[in-house]
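Student: Those protein sequences? They're chains U and Z, same order as listed.
All residue numbers for the first sequence refer to the working numbering, where the first residue is 346 and numbers rise by one.
All residue numbers for the second sequence refer to the working numbering, where the first residue is 396 and numbers rise by one.
The hints are simulated quantities; they were obtained by calculation from the structure and are not laboratory data.
Honestly, I wouldn't trust all of these hints.
What the hints assert, rightly or not - Below, simulated DSSO-like cross-link-like pairs (lysine-lysine); rule was C-alpha separation at most 30 Å, straight line:
no. : chain 1 : residue 1 : chain 2 : residue 2
1   : Z       : Lys537    : Z       : Lys467
2   : U       : Lys377    : Z       : Lys476
3   : Z       : Lys459    : Z       : Lys433
4   : U       : Lys377    : Z       : Lys564
5   : Z       : Lys516    : Z       : Lys423
6   : Z       : Lys476    : U       : Lys659
7   : Z       : Lys423    : U       : Lys359
8   : Z       : Lys537    : Z       : Lys564
9   : Z       : Lys564    : Z       : Lys419
10  : Z       : Lys423    : U       : Lys611
11  : U       : Lys359    : Z       : Lys564
12  : Z       : Lys537    : U       : Lys377
13  : U       : Lys387    : U       : Lys377
14  : Z       : Lys423    : Z       : Lys564
Stated by the list, open to error - Quick partial rundown of chain Z residues pointing at chain U, CB under 10 Å, derived from the structure:
no. : residue
15  : Asp451
16  : Gly460
17  : Tyr529
As the list claims (entries may be wrong) - From chain Z, some residues computed to sit far from chain U (all C-beta separations above 12 Å):
no. : residue
18  : Lys433
19  : Glu439
20  : Met514
21  : Met542
22  : Leu543
23  : Gln546
24  : Gly567
These numbers were taken from a predicted model, which means no experiment stands behind them.
Cβ coordinates follow ideal geometry from the N, Cα and C atoms, glycine included.
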Amino acid sequence: MNNHHPIDDFFRSKLQDFELDPPMHLWEGIDKRRKPVPFILKLLAGTAVIAMTWAGWYFTHPSAELNAFPIPLGGQVVTQAPKQFPLQTETVGKATPPVAAIVSNNNPPVAAASSAPTPALLPAIAAMVPPTAPAVSEIATADARMSPELFVPPIAISYPELLSVAPPEVPAVVPPLIDKAPAAWHLHLAAFAGPQGALRRWTPSGAFDEATLARQQQAETPWLSDFRGVHLYAVSPGGFALATGVQYSSVYEKFDYYNPREVRLKISPIEGPAGLLVAQDTVMVTGQRWKTARNYHRTLGIPLLLGFERARGKTSLGVYGGTILHIRTDYRRVMLDPETGDPMEVTATQPDALRLSWQLHAAWQYRVSPALQVFVAPQLGITSPVSTNSGREQFFTAGLAAGIRTRMY
Amino acid sequence: VTETELIQGCVRGNRDCQQVIFRKYAGKMLALALRYAKHQMEAEDIVQEAFIRVFDHMHTFEHKGSFEGWIKRIVINVALKNFSRKRFSQEQIGIDQDFDAPVEAPADLLMGVQEILDMVKELPDGYRVVFNLYAIEGYNHKEIADMLGIQESTSRSQLVKARKLLQQKLAGLQKIAV
Numbered sequence: 346m347n348n349h350h351p352i353d354d355f356f357r358s359k360l361q362d363f364e365l366d367p368p369m370h371l372w373e374g375i376d377k378r379r380k381p382v383p384f385i386l387k388l389l390a391g392t393a394v395i396a397m398t399w400a401g402w403y404f405t406h407p408s409a410e411l412n413a414f415p416i417p418l419g420g421q422v423v424t425q426a427p428k429q430f431p432l433q434t435e436t437v438g439k440a441t442p443p444v445a446a447i448v449s450n451n452n453p454p455v456a457a458a459s460s461a462p463t464p465a466l467l468p469a470i471a472a473m474v475p476p477t478a479p480a481v482s483e484i485a486t487a488d489a490r491m492s493p494e495l496f497v498p499p500i501a502i503s504y505p506e507l508l509s510v511a512p513p514e515v516p517a518v519v520p521p522l523i524d525k526a527p528a529a530w531h532l533h534l535a536a537f538a539g540p541q542g543a544l545r546r547w548t549p550s551g552a553f554d555e556a557t558l559a560r561q562q563q564a565e566t567p568w569l570s571d572f573r574g575v576h577l578y579a580v581s582p583g584g585f586a587l588a589t590g591v592q593y594s595s596v597y598e599k600f601d602y603y604n605p606r607e608v609r610l611k612i613s614p615i616e617g618p619a620g621l622l623v624a625q626d627t628v629m630v631t632g633q634r635w636k637t638a639r640n641y642h643r644t645l646g647i648p649l650l651l652g653f654e655r656a657r658g659k660t661s662l663g664v665y666g667g668t669i670l671h672i673r674t675d676y677r678r679v680m681l682d683p684e685t686g687d688p689m690e691v692t693a694t695q696p697d698a699l700r701l702s703w704q705l706h707a708a709w710q711y712r713v714s715p716a717l718q719v720f721v722a723p724q725l726g727i728t729s730p731v732s733t734n735s736g737r738e739q740f741f742t743a744g745l746a747a748g749i750r751t752r753m754y
Numbered sequence: 396v397t398e399t400e401l402i403q404g405c406v407r408g409n410r411d412c413q414q415v416i417f418r419k420y421a422g423k424m425l426a427l428a429l430r431y432a433k434h435q436m437e438a439e440d441i442v443q444e445a446f447i448r449v450f451d452h453m454h455t456f457e458h459k460g461s462f463e464g465w466i467k468r469i470v471i472n473v474a475l476k477n478f479s480r481k482r483f484s485q486e487q488i489g490i491d492q493d494f495d496a497p498v499e500a501p502a503d504l505l506m507g508v509q510e511i512l513d514m515v516k517e518l519p520d521g522y523r524v525v526f527n528l529y530a531i532e533g534y535n536h537k538e539i540a541d542m543l544g545i546q547e548s549t550s551r552s553q554l555v556k557a558r559k560l561l562q563q564k565l566a567g568l569q570k571i572a573v
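Looking at chain U on its own, in the form it has when it is part of the complex (with noise of 0.2 Å):
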């Protein structure tokens, strides 16, 4: 206590339990700054989040066409300009004219509907072109005139073995820490979206040797995703929180790989004398060169977090850890033959994977408003390793989110 003063003492004594009778005024205006959201307005946020999260599910599906095998010209797989490996072209072959194409160019011009291939001749191109031969829909592409029945349809080519990763034991379901929560503690709803680099980390094994490995440009390659989602918070007046949810994200591999036998097909159209089409030329060429393949997988997560938030003014920063469980939706892969070391490509739209991850992220919130947060949230996350037909991998990611959290209760 500080040392007593007559003047400090005369002060105190008259004003220390001095006390006024407040305006009336002084509490509406209280009252009005602290009117809780209507639950009209709680609800539409709601949906606008589940809304905005479906949205984005749905625009970010691949649809019938991304899946389609080969891959169009100008879609996923990009051709690279050769590098240390010109391309080198030799005529392997020349397909003779149809019948009645040969007819046709010793005659007067006939139809340009006779000048359709024989049947015959289908199977004979379709066994010269290998089964992996990701660029032969570009030539098919390339001449609006041709016949669609002259090429070879695509060769579906699947190997969901190689893949197909064994599901690691999922731990049983945690089990509820509070069987009802206190009436004190908040709910939060929570969304955000942010971009996320990931680094796999591939360990190969098994039927990849040496040669295979020399073929693709590195082991360690970087990813790019994006993730969004909703989590609902449950913060106890002392800080302590728990989080869970779902979340979505894409993620996305550059992949340089080496290709020894691109093989095209290239068909020169023989016109008659008005100008009409009356043959075609097949011609298969073999060439080498290095491509770039765009890979990717979608994954949903289910997270369970633990944090701690504490709050001064109108900021508060929680920090959570935790474990996220990942599904894979679905995914589209070009990567090298374990057996032959030739390019192929692997997808499923089916969920057939689980993994999981441990997660650390720090949020720093700011309050808009009584009932609504901004956030901020960078993150650091390490999936477990994963053992394939080709190797173990194992991603490495750090993210920043952004979002919005609402007080629900």
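Given the structure of chain U, go ahead and fit chain Z onto it with the hints provided.
Tutor: This is chain Z only, laid out in the frame that chain U set:
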């Protein structure tokens, strides 16, 4: 309804509990704010902002000390924040810095609390805040220096000047009374 139940009700966002708490403490807090503010409207703004903080952070109250003291600290913090927006300047008003001069106790004047409050409010900003924190609230100079971001010596000199000014005012009133 006990105070603890009222506090729990406030944490749950119960508007009635909040209003009861407001009615119970708003009068004291308004009087407290008036000692830091220059006028009534400024004091009301302080109280309003402080009670919004009280209701927003009610869940952080740990029931260790008195609830009234907790609210009082929030009101003082808001008042100081409000005060720091203005520039804290050592106002020179021409008083001799005779720190050791004896200060007489004021006679027991028949003065109303409002008049006494007005005397405090008429002090220059820096003097008023330091005098309130030291003499009425009971903070020491180190705490005041930390709260206001000033030197301890500044706090001491502001207090002495405030006492001098108040004593002059009281002396003036005594002469009038005689």
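Student: Please go over all the hints and tell whether each is borne out by the structure.
Tutor: Hints and how they fare:
1. A C-alpha spacing of about 19 Å is found between Lys537 of chain Z and Lys467 of chain Z, which places the hinted pair at or below 30 Å, so the restraint holds.
2. The straight-line distance between the Cα atoms of Lys377 of chain U and Lys476 of chain Z is roughly 23 Å, inside the 30 Å bound, and the hint therefore holds.
3. Between Lys459 of chain Z and Lys433 of chain Z, the direct Cα distance comes to roughly 33 Å. Violation of the 30 Å bound is thereby established for this hinted pair.
4. With a CA separation close to 42 Å, the supplied pair Lys377 of chain U and Lys564 of chain Z exceeds the 30 Å bound.
5. The hinted pair formed by Lys516 of chain Z and Lys423 of chain Z meets the criterion: a straight-line CA distance of about 17 Å does not exceed 30 Å.
6. Our distance criterion of 30 Å between C-alpha atoms is met by Lys476 of chain Z and Lys659 of chain U, whose separation comes to about 14 Å.
7. With a C-alpha separation of about 13 Å, the suggested pair Lys423 of chain Z and Lys359 of chain U falls inside the 30 Å cut-off, and the hint holds.
8. A C-alpha spacing of about 28 Å is found between Lys537 of chain Z and Lys564 of chain Z, which places the hinted pair at or below 30 Å, so the restraint holds.
9. Between Lys564 of chain Z and Lys419 of chain Z the alpha-carbon distance is near 34 Å, which puts this suggested pair outside the 30 Å criterion.
10. For the given pair, Lys423 of chain Z sits about 93 Å from Lys611 of chain U by alpha-carbon distance, which is inconsistent with the 30 Å threshold.
11. For the proposed pair Lys359 of chain U and Lys564 of chain Z, the alpha carbon gap of about 16 Å is at most 30 Å, so the pair holds.
12. A hinted pair counts as satisfied when its Cα atoms are at most 30 Å apart, and Lys537 of chain Z with Lys377 of chain U does not qualify at roughly 39 Å.
13. Of the pairs offered as hints, the one joining Lys387 of chain U and Lys377 of chain U holds, with about 18 Å between alpha carbons and a cut-off of 30 Å not exceeded.
14. For the proposed pair Lys423 of chain Z and Lys564 of chain Z, the alpha carbon gap of about 25 Å is at most 30 Å, so the pair holds.
15. For Asp451 of chain Z, the suggested interface contact is upheld, since its CB lies about 7 Å from the closest CB of chain U, less than 10 Å.
16. With 10 Å as the threshold, the beta carbon of Gly460 of chain Z stays out of range of chain U, its nearest partner Cβ sitting at about 16 Å, so the hint is violated.
17. Checking Tyr529 of chain Z against chain U: minimum C-beta separation of about 6 Å stays under 10 Å; hint holds.
18. Taking the minimum C-beta to C-beta distance to chain U, about 16 Å, the non-interface status of Lys433 of chain Z holds against the 12 Å cut.
19. With a least CB separation of 6 Å from chain U, Glu439 of chain Z falls inside the 12 Å interface cut-off, contrary to its annotation.
20. A cut-off of 12 Å between C-beta atoms contradicts the statement that Met514 of chain Z is not in contact with chain U; the least separation is 8 Å.
21. The beta carbon of Met542 of chain Z sits about 15 Å from the closest Cβ of chain U, which is more than 12 Å, so the claim that it is off the interface holds.
22. Taking the minimum C-beta to C-beta distance to chain U, about 16 Å, the non-interface status of Leu543 of chain Z holds against the 12 Å cut.
23. With a cut of 12 Å on Cβ distances, Gln546 of chain Z stays outside the contact zone with chain U, its closest approach being about 18 Å.
24. At the 12 Å boundary, the C-beta of Gly567 of chain Z stays outside the reach of chain U, the nearest C-beta of that chain being 14 Å off.
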